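K.L.:
What follows is the residue order along each chain.
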Amino acid sequence: MIKIENLSKDYRTIQALKGINLHVREGELFAYLGPNGSGKTTTIKILTGLAYPTAGDAYVHGYHVVKETLEAKKQCGLVPQTFNLDHELTVHENLDIHGRLFHMPASRRAARIDELLAYVDLAERRHSPVKQLSGGMKRRVMVARALMHAPRILFLDEPTVGLDPTIRRRIWSLVKKIQQNGSTIFLTTHYIEEAEFLAERVAFLDDGRIVALDTPQNLMARLGVWALDEIVDGNMETTFFRSREEANRHLGRQQGGFTLRRVNLEDVFLAVTGKKVGP
Amino acid sequence: MRGCLAVYRRELLILKKKLLKQTASMSVSPLLYLVAFGLGMGQGVQVEGRSYMEFLIPGLIAMSSMIQAFAIASEINIARFYWRIFEEFQAAPIRNIAYVTGEVLAGITRALLAVALIIVIALLSGVALSYNLYFWLAVVLNSFLFASLAVGLAMLVKSHADQALLTNFFITPMAFLGGTFFPVDRMPPWAQQVLNLLPLTHAAKTIRSAAFGLEPAASSYLLLAGLGIGLFVLAFLCVNRARE
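Chains as they are written, first to last, in the numbering used here: chain U, 1 to 279; chain C, 1 to 244.
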């Protein structure tokens, strides 16, 4: 569904992507995880036709993103990181303009708007100007807009950044629902729990390179099941254990403060790169 | 074609939402110039055998159509730098030419609205001019030229402040020196040569001739059309530069 071969992107003095190779399968919910500036948004921009690669190739649903850009764009729905709705226009007008840009006939646009506004639970706000909506509502309008032309692949670039935890979970439910309806979803995030909850496979991106790629379960299993955080000589150290018993045996020798918890993707990222994913 | 209409429709919707404010804003400058120069300074003054008001109004039409067509650049920049809506256009399966055409049409529409307002003001002031086919052709060509220039420059600038600078350096001097308020023929020969390089000088001459019921020079139409097409092509080439 998405195929990336040796993809690189240079911005004058910065090399944002350094030879990425990736294959995302049809119907998969794929998370692209990395700290700010690691190249997540650049990858999405290239895949959706917003930026040109410096080298390498990328295909969406078999279409080359540069050589067959118009066909490739028809396959993609994009929810960018920053709000980019027309604030002067209403929810309905935003969706309608999007439908027109994707060459949808009037009758199909009208039906699709009704369907999507019900889907994102905003049917009653259809005539509200976007500037009157809350952040969570705007994000849902952006998701509805991206789905207007029934794309095969939905790109979600940090879809919950800046949203409160309740709204974040609501967006997660929506993303799950979209995937269950058969869409392929390519999600970038730096929220570990978001990737763990949503993704079937995860790629870790660091400094423009993919440093790990597997299912969240397999990635975490590389380290163990339990993680013990403790302060040793003023520094936080984490030890991993295959079983609770093994961790308990270690705890028996403990004297200071500690936290015993399940291994998470943050641990994996830290182990692979020596950096934290979050801001 | 559908992509171009989508871009144009979006601009029309924005214009419709702000129509009252826009109409008021478009009327302020021409009204001030008419009062200050037409009624104040130009009372009893004859230029080229006509009252100064008759001379001034076609000039104001040329100037306002230029300013309003060029103002589409501000709308594009607000959409690009502030609301980030340009990304939505870039991610859509529409060709660059469709985008440029949609925005240029929006610029022309704004210009025509401004011209209609000046005509109403002129009629209310008792100034009767001929608004014939030659007149409208010159107005549309002038608007097309400056809307194309606006779209091209809007793609090249890196911030809203850069856009304001371009307006200060290109549009404001042209508005005052392009035959709007005085006949360029009265300037010294060297100045005439310089001012004849400005597209607004030709637009003002052509619009004025048509409004006076005279047959304007075909060369002026050709010049405006040629320059307009050139700038339209440039605008088209500049769209890719706006992409990262």
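To be clear, the hints were calculated from the coordinates, so they are not data collected in a lab. The structure displayed is predicted, hence computed values, not measured ones. Among the hints, a few may not be true.
Said to hold, decoys possible - Taking lysine-lysine and the DSBU-like style, the derived pairs with C-alpha atoms no more than 30 Å apart in a straight line are:
1. U:K67 with C:K17
2. C:K21 with C:K158
3. U:K131 with C:K18
4. C:K21 with U:K131
5. C:K17 with U:K176
K.L.:
Now, for every hint given, state plainly whether the structure supports it.
P.N.:
The hints, checked one at a time:
no.: 1; hint: U:K67 with C:K17; result: violated, 39 Å
no.: 2; hint: C:K21 with C:K158; result: holds, 27 Å
no.: 3; hint: U:K131 with C:K18; result: holds, 15 Å
no.: 4; hint: C:K21 with U:K131; result: holds, 18 Å
no.: 5; hint: C:K17 with U:K176; result: violated, 37 Å
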